[in-house]
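Participant: Model the full assembly from the supplied sequences, consistent with the hints where possible.
2 protein chains.
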Amino acid sequence: MEEETLQVSSFNSLFSCFITLYSLILIYFPNDLLRIFLSPVLLISGALLLSLLRLGSTRESNTRPEKSYEILKEAEEPNVFLVLDSDLMGDFVEWNLRAPLEVIHEEAYDEEEEEEEDPNEKDPTRIQFPEIGDWNSPENIGFRWEEEDDDGGIGGEDRKRRSDEDGKATTAVKEEAGDNARSRLSSIYSEANASYSNNGVETETRKKKVVLLGTGWAGASFLKTLNNSSYEVQVISPRNYFAFTPLLPSVTCGTVEARSVVEPIRNIGRKNVEMSFLEAECVKIDPRSKKVYCRSKQGVNSNGKREFDVDYDYLVIATGAQSNTFNIPGVEENCHFLKEVEDAQRIRSTVIDSFEKASLPGLNEEERKRMLHFVVVGGGPTGVEFASELHDFVNEDLVKLYPKAKNLVQITLLEAADHILTMFDKRITEFAEEKFTRDGIDVKLGSMVVKVNDKEISAKTKGGEFSTIPYGMIVWSTGIGTRPVIKDFMKQIGQGNRRALATDEWLRVEGCDNIYALGDCATINQRKVMEDIAAIFKKADKENSGTLTMNEFQEVMSDICDRYPQVELYLKSKGMHGITDLLKEAQAENGSNKSVELNIEELKSALCQVDSQVKLLPATGQVAAQQGTYLAKCFDRMEVCEKNPEGPIRIRGEGRHRFRPFRYRHLGQFAPLGGEQTAAQLPGDWVSIGHSSQWLWYSVYASKQVSWRTRVLVVSDWMRRFIFGRDSSRI
Amino acid sequence: MEEETLQVSSFNSLFSCFITLYSLILIYFPNDLLRIFLSPVLLISGALLLSLLRLGSTRESNTRPEKSYEILKEAEEPNVFLVLDSDLMGDFVEWNLRAPLEVIHEEAYDEEEEEEEDPNEKDPTRIQFPEIGDWNSPENIGFRWEEEDDDGGIGGEDRKRRSDEDGKATTAVKEEAGDNARSRLSSIYSEANASYSNNGVETETRKKKVVLLGTGWAGASFLKTLNNSSYEVQVISPRNYFAFTPLLPSVTCGTVEARSVVEPIRNIGRKNVEMSFLEAECVKIDPRSKKVYCRSKQGVNSNGKREFDVDYDYLVIATGAQSNTFNIPGVEENCHFLKEVEDAQRIRSTVIDSFEKASLPGLNEEERKRMLHFVVVGGGPTGVEFASELHDFVNEDLVKLYPKAKNLVQITLLEAADHILTMFDKRITEFAEEKFTRDGIDVKLGSMVVKVNDKEISAKTKGGEFSTIPYGMIVWSTGIGTRPVIKDFMKQIGQGNRRALATDEWLRVEGCDNIYALGDCATINQRKVMEDIAAIFKKADKENSGTLTMNEFQEVMSDICDRYPQVELYLKSKGMHGITDLLKEAQAENGSNKSVELNIEELKSALCQVDSQVKLLPATGQVAAQQGTYLAKCFDRMEVCEKNPEGPIRIRGEGRHRFRPFRYRHLGQFAPLGGEQTAAQLPGDWVSIGHSSQWLWYSVYASKQVSWRTRVLVVSDWMRRFIFGRDSSRI
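Chains as they are written, first to last, in full-length UniProt numbering: chain H, 1 to 731; chain S, 1 to 731.
Because the hints were derived from the structure by calculation, they are not lab data. A couple of the hints might just be wrong.
The list cannot tell twin chains apart, which means a pair is met if one copy fits it or any two copies do.
As the list claims (entries may be wrong) - In silico DSBU-like pairs for lysine-lysine, Cα to Cα no more than 35 Å straight-line:
1) Lys209 x Lys539
2) Lys404 x Lys297
3) Lys455 x Lys633
4) Lys455 x Lys284
5) Lys291 x Lys404
6) Lys369 x Lys271
7) Lys271 x Lys435
8) Lys451 x Lys297
Facilitator: Following this line, the structure appears as structure tokens:
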């Protein structure tokens, strides 16, 4: 998503507030709507809302007691609007990784910092094909030239013109390397760190081709932000639209229509960036020849050929993930997933089908009950939201049309863990479990699914008890797995034993050139402080005295915090206000009291706990969107930052990193629980549950829509639902 | 459709007018919207519109010169709003069958007027199973009783109670016929004309079961109108919704969303009528055992059994028709049809697919052109509307996203006749053909499709020239064919050589009891005057003088006009104002000048031309809806009219018909031509082409929606299209 939408602009928040207000009036006073519409109440409420927005900036402390959950009323809780008003406040709430989503500690991954690394030192087992140099190294151009030579003959003039534009170091190499790419590789390696300063001139003659795989959150926000006409973007995806996935559970029950949450990807890019789209699935990435191989859904030309390949200069992988079946037998064949818009549409028809089937004659009670037994596997936000949407759909709309079905419907939620919504605050979990019990949704905790056939699902409790439940429909929402194309690519680049593509903090795929990965298909491999502790000490110790003065350390501290965000997290978790507190504590432990200098051992002991704060980012649209925006901004400023790097100093090498590394800002998370109630966990550990959060949810989701078209459609869908209910026509 | 909606109520027309007005403002002054919204212009325009509505009642003469078409401006043409204001005017425009749709003269069908007929005289070849008596004859009840006896034992008390309630003539027969249905049949036949007056009392003990097959226009309007709690309605259809089919061409291109034109059938019936729905397809009708056999789409119970049967007391067949492929090879496999909502959705995805396919690399110009060649077969209203919708979609929306495709797209319309829209006025046809030529739609007249394969369509001109055209998508819209279940049923009842079920003027299927057929699956077999001329003369000649005085004839005239609507049509076509003109003319021809009496030969010569006015009704939703409403009203008043028949006198028998026969009122027809232009042919031979008709079209279609939900959705879809265009996401 674009910056303006992501860091919700004041205009959008205003819009959402008013929409929410109108919706509220519509819900609670439908008859008085016209009167209220014309009355001063509206203006007063608007003003009130605005003032609340401003009040929201007074933040509450983080040390809220967790004794029990507490449903906050909107009147006493101006801060629930906090997430809306980034621009109004001028300053953004700090990110909080405390418990945003299943945060997984990963085993340390042995790697070098690739900007500084010598290719000769590389681990040969990791990379299975010859290294083609460094990130953004100019040999890519040479490679392309050679291909041009092969195709179009000598091309001497063209080559000469480009050579003149190239930097002095690379020119000689390229002139020599006219006929043999392989022999040239080694010589290029020595030039790997040569500057790439002629990029700007280069683009005047030929635009850099950026191939973007995927049109999900990461891809769409990359496209929306990219604003540099020196790139030519080629988007490849089997879906020619961006889907606003947080509303998919609503689509399953017709609260929102499928078409209201999608926007053609061709509408998303900026006008001044040349963009083209190919509706095809990438089946193979070949980093050696800088090509991706794609397959179209349908026979294309007269021979029915469906495969084609696309060259790239930069490859951005944002293909997302697929549902994870954990290889449980029968899941693939019998369960519905909830990743794509089509999935949601299929679920919707299946629900209606179940009700129609159960209405047919010649069935006994038991069979009808089976048909109307809906099982949701996975107690994450998606599963929980679907279960509550379905409950509302059945109880608000379907029972009116199928009155006999009322007592036959059963919704069961199976969760392998001990609680649902484990990534949320304990208060939310408790509230959700209580609400589901009240609603008659059967929550079976600690139930691991072991087998599914076409009529029954078998689960095992932690105690080892087996149970087999007949079902009518299963929705499977237990987590994400790796797509085959990514798996294959990971094998190629020696990451075969991982679950997602490893990237560095700049989203570059480790071990590859000019390949970036973001969103659910990638994880950031955060460099550990302890691995670099010697280099950090050396860097900080400018006088080479073997000890660091406080001043020396303070100087590099901001760079260290930039480079290793876990330091800051650690300080925060310890309640410390600066690095000095940390150092003092370490010195106190080591007994070297009141010393103003510290040696490497003291530094080590001060920072040894820091790396425990390294956590994987959750697989959410929020992360993907922020990564897309970040990457697009890096692309925009590629030339500028080459000359004036703005990142932290290189700990192991010389100079500075070009860009500041990616940092995730958690803006909070919602868990709609049905019955116009939503649980919201906002940054700073605030929890809000109830109707007020539902309104906040409406506002946020309306303002986060990718286009005005979808915004209007989603809001009108909500209103339609309030007035007319959900439609149950089976189309 | 219900009466209120069909004969558009003033409230609905008002609503539509305002909606149209708002839309207009939105289109032409989007920026000034707010200002205008609050200005007095709105009120003034509203008042103007209302006055136009009233002015509409001043009708123009029928004798408008047909010299050339004339685009009428709304300012000079108040009558364009005529169709809206039935209630305002108080009186309805007379129907005009001059050219509503392909009106087919059918060969005379030899039949008796079944109310009077003696079963012994029946043609045994026509009916392949024993006749079970007459329409509504009480032996049906006897039959059911017997079944109950078989099931439940003696049931003597029940039988006795009912017998007491029965008429005296039937009682004896039924008491005797306890054990053998076949032997009873003959004795019941003699009671066939016995009165059925105990119906009302009967329903207190058991509701009459009406089985309705189909949820299209006919079925939905039947359901919407039926308002008598003595029936229990069982609806059976593979679709659990009613679809507003006139908007299907709009759905193909996303001008209107699919869900906006459908309404769950369970929402449509009245509260006080017990209604249940089964989602299944009727596969066989058995009039002997009064059962319909159905098959559900999916396996139902644990054995996967999909078949079941349903008993009926009355069967209403409204299954509609299917697309007619004329058995042309390859049509079934390669063409899209446009009968169902799913068809429209498939067409929509296929159009987008074609554009995406044509955007893929590795194709030559010719292949791309083939993929973007859309062929429409059939120049009727549906084909023409689809072609123009597609043209608008491509030129208004798709070219923005697929700029390269602009010069590759081609739309071709194939029509076997010499003109498109042959059922419309010549002026409309000419305008449409000119507009299509201007728009670049290639209209190939006189082209008969002979073969279709997966890439090419072969057509033959009238001159015998063959041509083969490569295509990307074909939409086939050439007319309607008979559904298999109806074909099978027609064979059973000896109508095997017909194209649709023959019914009498009261919509009863000929040769069956308690079976009604309406909509596209049926045609009304209008009795001819000349067949009954002797009986008419005898009926009119009360004095048995062998001659008719004018007075005598005038007395029966209104009944004759009711029974034989062709008389009235004939008079109108001759410009005569009453039957006296006709008789005078006949007398003048016969030389018996100024005579006030006329003999049978004179009457024959007066009426001999009349039967040429017997025409089949067009296969439109308008006809089906009116038939559904008519039939439901008959059902509502079944008991009342049994005692006090309100129909015309029986020409061949005694007494009166229970109901007035069905009469179709043509309310006009639209042909949207794209680019916000529509051709409208309204009753009284008025033609209006252009933007004004488009607004009329919006108003009429908004007001005709079956529910407020669909009305609001359709109108908001139109607005959304004006503001944001059509969506091209492939979902």
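Participant: Would you list, in rising numerical order, the hints stated earlier that this structure does not obey?
Facilitator: Hints 1, 3 not satisfied by this model.
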